[in-house]
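Chains as they are written, first to last, in our numbering: chain A, 49 to 161; chain B, 909 to 1020.
Read the hints as simulated data drawn from the structure, not as lab findings.
Every residue, glycine too, gets a C-beta built ideally from N, C-alpha and C.
Mixed in with the good hints, there may be bad ones.
Unchecked claim - If you only want the chain A side, here are some residues facing chain B, beta carbon under 7 Å, derived:
no.	residue
1	Thr86
2	Ile87
3	Pro144
4	Tyr148
5	Phe152
6	Gly153
7	Pro154
As the list claims (entries may be wrong) - Subject to a maximum C-alpha distance of 25 Å in a straight line, what follows is the list of computed DMTMM-like cross-link-like pairs (lysine to aspartate or glutamate):
no.	chain 1	residue 1	chain 2	residue 2
8	B	Lys1015	A	Asp134
9	B	Lys1012	A	Glu149
10	B	Lys911	B	Glu986
11	B	Lys1012	A	Asp134
12	B	Lys950	B	Asp961
13	B	Lys1012	B	Asp935
14	B	Lys1015	A	Glu92
15	A	Lys126	A	Asp104
16	B	Lys964	A	Asp105
17	B	Lys1015	A	Asp105
18	B	Lys911	A	Glu92
19	A	Lys126	A	Asp105
20	B	Lys1012	A	Asp104
21	B	Lys950	A	Glu72
22	A	Lys59	B	Asp961
23	B	Lys950	B	Asp935
24	B	Lys950	A	Glu149
25	B	Lys950	B	Glu986
26	B	Lys911	A	Asp134
27	B	Lys1012	A	Glu92
28	A	Lys126	A	Glu72
29	B	Lys1015	B	Glu965
30	B	Lys911	A	Glu66
31	B	Lys911	A	Asp105
32	A	Lys126	A	Glu92
33	B	Lys1015	B	Glu953
34	B	Lys1012	A	Glu66
35	B	Lys964	A	Asp104
36	B	Lys911	A	Asp104
37	B	Lys950	A	Glu111
38	B	Lys950	B	Glu917
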Amino acid sequence: NAGVIQTPRHKVTGKGQEATLWCEPISGHSAVFWYRQTIVQGLEFLTYFRNQAPIDDSGMPKERFSAQMPNQSHSTLKIQSTQPQDSAVYLCASSPGTGYEQYFGPGTRLTVL
Amino acid sequence: QQKVQQSPESLTVSEGAMASLNCTFSDRSSDNFRWYRQHSGKGLEVLVSIFSDGEKEEGSFTAHLNRASLHVFLHIREPQPSDSALYLCAVRGGTGSNRLTFGKGTKFSLIP
């Protein structure tokens, strides 16, 4: 079992460019979570899917951020018109179902210049 | 909205000494409390997950939950150099949510 896979591991974008982050959950897991980690704010919840349906996106910034889960094997987090304050480590986690342990990927470090 | 706070911000102990980390939460309806460890540049590794008041031991890690006082502690018995890392407390639930709310972490290191 390869665990949760996140690609790329590092991404550098210029201000105003778009960034797409990928997450492949553990096979058979029905829940996928996205979190963001910065030095100042710590680790913050962004959004969560269950059986590919969006369940809770209350942590997502209202503008420029969107997440999708087109099939059970991957989810994407897209940031349009990236800003320096979007620089963070974006973590994806998957879970066998609601209420079970969440298994985290290694994260994608996004740097916006 | 759930608030999770951790103390101290950083902790250094001598090798062989017991280490205690503190986490407080705000929502008494929370149903699950977890401690994670994160080595620099790495992902999160779950150490202990506890659901009810009392203690739960996993190897050299013991979590102690006191829901009435809104505290959950992590004790590290005979820490090793490999235990030097960021320790994160996460709380699930409160108002039926499945999301985890994290504290900002305690940076733990060992004096050899």
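Worksheet item: Which of the numbered hints above does this structure break?
Response: 1, 2, 3, 4, 10, 12, 16, 17, 22, 23, 30, 34, 35, 37
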